[in-house]
Amino acid sequence: SSSAPSGTSTSASPLSISAPLSGQLGDKSFMDSANDGLTRAAKELGVKVKVVQAGADDAPAWERNLTEASSSGNYGLIVTGGTVVASTLKKVAKQFPNQKYLIFDSPSVGKNVTGISYAQNEGAFLVGALSALITDNPATFPRATGSKKIGVAGGMDIPVIRDFIVGFEQGAKAVDPNVTVDVRFINDFASAQKGYDVATAQFKDGADVVYQVAGAAGLGVLQAAEDSGRYAIGTDSDQNGIHPDSTPASAIKSVGNTVYNGIKSFQAGTLKFGTTIPGDIANSGVGIAFNDKLVPKDIQDKVDALRKQVVDGTIKVKSAL
Amino acid sequence: MSALGDFLSLALSSMIPILVTAIGGMFAERARATNIALDGTMLISALGAIIVGAATGNPWLGLLAGVISGIAYAAILAFAAFVLRCDLLIAGIAANLLATGVTLLVVQNVLKSTGTYAPANVPLIPRVSLGFIGKIPVIGPALSDQSALFYVVVVVTILGALVLNRTRFGVHVKAVGESEEAAEAAGLKPILTRTVTLLISGAAAGIGGTYLSLSSVASFNSDLTGGLGFIAFAAVIFGRATPLGTILASVLFGIATAASIQLQGSGVIDPQLLHSLPYVATVLALAVQSIRRHRLNRFDVTDTSFLPAIIPRG
Amino acid sequence: MDQPLLALKGIVKTFGPMTAVDSVDLEIRAGRIHALLGENGAGKSTLMNCLFGLLRPDSGSIEIEGVAVEVTSPKKALELGIGMVHQHFKLVPSLTVAQNVALGREPHSGPFVKTKEAEATVERLSREYGLDVDPRSRVRSLSVGAQQRVEILRALAQDVRILVLDEPTAVLTPAETERFFEVIKGFAARGLAVILISHHLSEVRRVADEVTVLRQGRRVAHSAIEEVTNTQLAELIIGRAQPIVSEVERGTPGETRLSIDGLDVRDGRGLEIVHAVSFTVRAGEIVGVLGIAGNGQTEMVEAITGLRRPASGSVVINGIETAGEHTGLVRRAGLGHVPEDRNGRGLAGYWSVQDNISIGYLDTPEVGGRLTSRARMGALARRLMIDFDVRANSPQQQARRLSGGNAQKMVLARELSRKPDVVVCAEPTRGLDIAATAAVRSRLVEARDLGAAVLLVSSEIDEVTQIADRVLVISSGRIVAEFDDHRPTEAEVGRAMLGGHE
Amino acid sequence: MTEPQDSETATAARSFPGLVATARRVVPLGLFQSMVAIVLGIVICFVIMLFATADPLVAFQAFTLGTFRNAYSIGSMIAIASILAVTAFASTVAFRAGAFNIGTEGQLVLGGLTAAIIAEKLPGPGGLVQVIALLGAMAAGALWIAIPTVLRVRYRTNEILTTLMANYIAADLALFLVNQYFRDKGSGAVETPPLDESRWLLQILPPSAANIGVVVALVLAGVLWLWFDRTRAGKRAEVSGLQPAFAEYLGIHSVSYLRNSMLISGALAGLGGGLAILGISHAYIDGFSPQYGFLGITVALIGRLRPVGVLVSALLYASLITGATAMQAVSDVPYSLVFVLQGILILLITSQRIGGRRTA
Ligand SMILES: Nc1ncnc2c1ncn2[C@@H]1O[C@H](COP(=O)(O)OP(=O)(O)OP(=O)(O)O)[C@@H](O)[C@H]1O
Ligand SMILES: Nc1ncnc2c1ncn2[C@@H]1O[C@H](COP(=O)(O)OP(=O)(O)OP(=O)(O)O)[C@@H](O)[C@H]1O
Ligand SMILES: [Mg+2]
Ligand SMILES: [Mg+2]
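Protein chains in written order, with the working numbering: chain A, 1 to 321; chain B, 1 to 314; chain C, 1 to 502; chain D, 1 to 360.
Looking at chain A on its own, in the form it has when it is part of the complex:
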């Protein structure tokens, strides 16, 4: 095959980055968020970035694109991401030991790979706690009925989504052990209509709050809360503005920032390969964004108290992974 590239970027020519992704942009989640980070890096750090998309269900294409970029030898750093691509990258990275890689949403998978992982369960823990507070305080939250029932609408029953759910349930129970969590799956990350139907069913069954972890299908969940007169919680990025009356908060995964920071430290020569950068509550890799209009200060404080307990290790959030 082709000659192995040199991994060292000389400061003479600008750094070139290739980003073969394991899906298409537009999931309004980590792909889009990562893309923001990459774009910002291109703008602010003067690097050249080439994003290559692929089908979200086309594993062989991820491998082709990764190998294509690696074997070209034109790129100082290759950025990819999504848990699903980790095993593929592991294979490829071994073949090109001199190429450097940055993978987000996964631990490092090789000596020449830096991983960035997110503790999505911790973010979910916080919104779980908030949800329990909402259903317990119908006086403060006029759309709640006090049914002590909350729900999660997951995209598919896959490990990452389970990780969200575990954290969410733990957070809710931490506030009130009597709250029940109604977990349902849309079996689809794309169809907002299906998300709407599933969430509507949950609301009709009494849920006061539904937390969406369903990509684009989650837009349907948010809309269902608006139409059913209840609450929904957004995911990954701040979705509070879409339906400001029914979305009290979003769980945040700041993929863009961490990717940007990763590139920045690579440029500075400080990025450590073979290691994983954790993104958790402690370093704001994950977090919660409140809709101040809906969530009064005292409730926010209660959630924040829990956050501190997670940070200082008093509470250990369970993980499904």
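Mixed in with the good hints, there may be bad ones.
What the hints assert, rightly or not - List of simulated lysine-lysine pairs, DSS-like, C-alpha gap at most 25 Å:
(1) K185(D) - K91(A)
(2) K112(B) - K50(A)
(3) K48(A) - K112(B)
(4) K75(C) - K189(B)
To be clear, the hints were calculated from the coordinates, so they are not data collected in a lab.
Starting from the structure of chain A, add chains B, C and D with the ligands where the hints point.
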């Protein structure tokens, strides 16, 4: 009792896009112009609907655009089949691929939106609250607050049944599908009839597509249909391309989908397996149906043939 | 002489390299019945399809009352007052009689069909012309004769001036034929021009006023019917002196090869359609089963040949009980079968002649063995094509491109050349011309003389009375008469066939 | 236009409803016609690129020739082509027997899963385990089509529908099984643990994915050619699919050919899954199949259900896929254009009008 009503409400709303698309597909199937590009057509018209709906601020214009883009897309299929003379099935497969590509291209390069196009503040097709009818047990919760498209679909369905069984066009469709030669000898133009049925299926899929992108949530991406078009196609075949059969098949799908959502709440069965419920139900119902028919015909051991395009023999 | 109502001038129609119709002229007058004769493949149907707009002629013109017209489609033909009853019915099985008759011209208010009105039209016409059908029944459930009547009604329903009847009597019973001729004489009397295609000279003589003969796509004769004799016509049709049909000797029967005992058969709907039929066929004899179509013959043959499981009774071939067994076993027991449904069962239209012949030989050393050889299959096909006078361009020609007679000879070649002990053939000459019919019949006699037991199931009286050694008459699924000691006359069997109907 | 013999067939169908086979007949295209179609298709692609990108020449060159620019892409192309050929053979076997098995995707997914599990769990020498895993994949594929087969053969249940539904069920079932029992606990994705290298099919052009699966495809093509064109049983199977009523009349047990062909079809689809797992993705990964099964249907039809035709169309289709990869790497042509181009090419290549005779 309200639980039952809620369940029916869910079943109805799951059924809407399937039923209307299937009713259109029924015409094409009946004329032996099998349209397996229903899924792609839904996708194209979902996009057409949301673009126009967002641009004009009028969801009904969106619906119109959805229907028109469905028709236009079906016209492409008809062109491929009857002018380029591609095999209709292959052309259908190609049309489905093309739909994915075209919608992605439009969303990314024209609408400058990454993947999912979800414009803010788009007025949606209204929901109809039924006033006092909503108070009637079971029926009330089932019917009230359905999308206005539900009533459109009901009308389209009745119209479809009427057209197929009562009008000249319906007779012509059946004649063309069953015996092209007989139709030709009677002065009909089979290709024209088939083209029209394809366009009808496009228009109906247009309503189905609009339901997906403009009735509950204004959002679009190229995986939006989640294979609903294929389910509609299945409903056509399952219903043996008759109006009643197609309606029943769509109802079955609606109920099974609703059940797969509602039973998740009980948490006894794995959600993944529950998701298969509509498909398993179809296979079971189909098996029961053919075993019963087999019983009736059990004296006839000679019939080993089958008809790919479904012509009802009853 | 007055102007002809319809004139075809120099019509040419080619299919690829072959010229099916070669500059044919034809003049048709109002009030007359014009017979169009010719062997299978002479181009009769092709010419008529050109007239009816189903085919576009390569050259030539069509004039109606002296005005040149373009018949671009059947619709156009109908508008011009040309109606056609096709050799192969063109009906939609799942629609009702009224829907079929009105197809394309339904009475309507707005988009809706006025079903009542359509049915009334059919009722009126069927009374007027004595064509008895129920407008509400579905065509699928009708007998062939009734389907024929529907075809005619359809042509009549639209004030046609020119009516083309392509072999309309091929599937009719003698009584139906009789009535049918009354009807078309009535048409002529009302001033319609009728074109009648038929292979039965006696019929033609009875109704036609003038005849045109086609041979290999060319017009070879045209005259008033009185001016030609049947012998002359036959010579014109086949292009040479007609072979004298010598009286077929009766065979000398040997041991029993096929014996049927108490056979009951149900049809597709589960109704018993053959009741307690018993008979035997011995080596070296032809047993004819004669009956009007639709009296259970089809199901009986299917039961004997393994295509249908009998409800009860036994079928013994060469001493092996085969009732209810698969066709494979029945064939291995020694059966050769010439099926009634030639194109559906007897051959694969999309296969070559070679494949159609050699598929019957796969288990013989001649082409068989697990691996087949094209060369040996080709050699076999060529040999049998010569032996059985199958005329095709080459062994590679698609079977569906063969004329009816040649297709049937191909089936015979496959079935008889293996010298089966028992031959079952059903309606072996349906739709065949004079020459082909004679050839098929002599093949059957030859097979008998070589020692085969032949069961001939037919609805043609002359066929059975000519070559069968014993005749059984079947009616409503029962054997109602048996002639063992002599060949019955047409009158004798005619009475028996009708007798069963009482 | 009317064809006299056809109408007789139709008459027969009328008097004996359902007796006449209406198996899908695919008309063979001439070589010239195919060439014209491909050239025309490529020209149209270029025209589209003119509008879609700033550097159409670069993109166009990469799309059409990119596959052949280095050993790696050629290898990828071969790897994809061999899977496509195998799944297309699966479709071919079924279609020729008159069974419209459109469930190859589901059979492939379960075949792949089975192969992954066997290869992971079974101890023993690599080569032997690979063979067992592939056999297991075939068994799984055959098993997954067994119910549609029984229903079709015994009760004449429409197999188009049952196999279509079986696809969805298979996807759910695979997800369920992997999640519950076989998941790689160290990964957040739905995937089984990566296979040991001894389980990988021998690679013939490393680092590309090309592997000895291509030999399997070639051998299969040979076997199928022999079977269709040179064996007695193949002849019988053909007539059973083309015209069952004729087959039954000839004493051929058409139903048993139908049954066997469906099972073989399922097994081949399963084999395709096994090859994809052991040869390309080296673990069961959710999404290991970019619709190989469905693409196989298209490839089979484009290849006109002939073994050699299928091989050629598999190569063609695979080079469309790898060409698209190359195109994305060098230009800013949007990913979505690939689908558009594929769709248009399929339409043109299968058109019987383009390059053919004008008349019907
Ligand atoms: N569509 C077609 N393509 C090719 N050849 C055809 C076609 N239609 C008819 N032929 C051929 O043209 C010739 C004339 O056929 P035609 O059906 O007109 O004969 P015919 O006189 O009606 O015979 P029959 O008495 O059997 O009805 C035959 O050799 C037939 O095989
Ligand atoms: N492709 C196939 N599809 C279905 N069934 C097949 C196929 N190939 C073979 N068979 C079955 O295997 C049997 C054995 O095939 P083989 O070629 O040995 O037939 P044969 O020995 O000629 O048959 P017979 O014993 O009936 O003459 C066939 O009868 C058939 O039932
Ligand atoms: Mg004729
Ligand atoms: Mg054998």
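Do the hints match the structure? See the list:
1. K185(D) - K91(A): Given pair K185(D), K91(A) holds - Cα atoms ~18 Å apart, limit 25 Å.
2. K112(B) - K50(A): This hinted pair holds, its Cα atoms lying about 17 Å apart.
3. K48(A) - K112(B): OK: K48(A) and K112(B) at ~21 Å, within 25 Å.
4. K75(C) - K189(B): Since the Cα atoms of K75(C) and K189(B) sit roughly 9 Å apart, the hinted pair holds (cutoff 25 Å).
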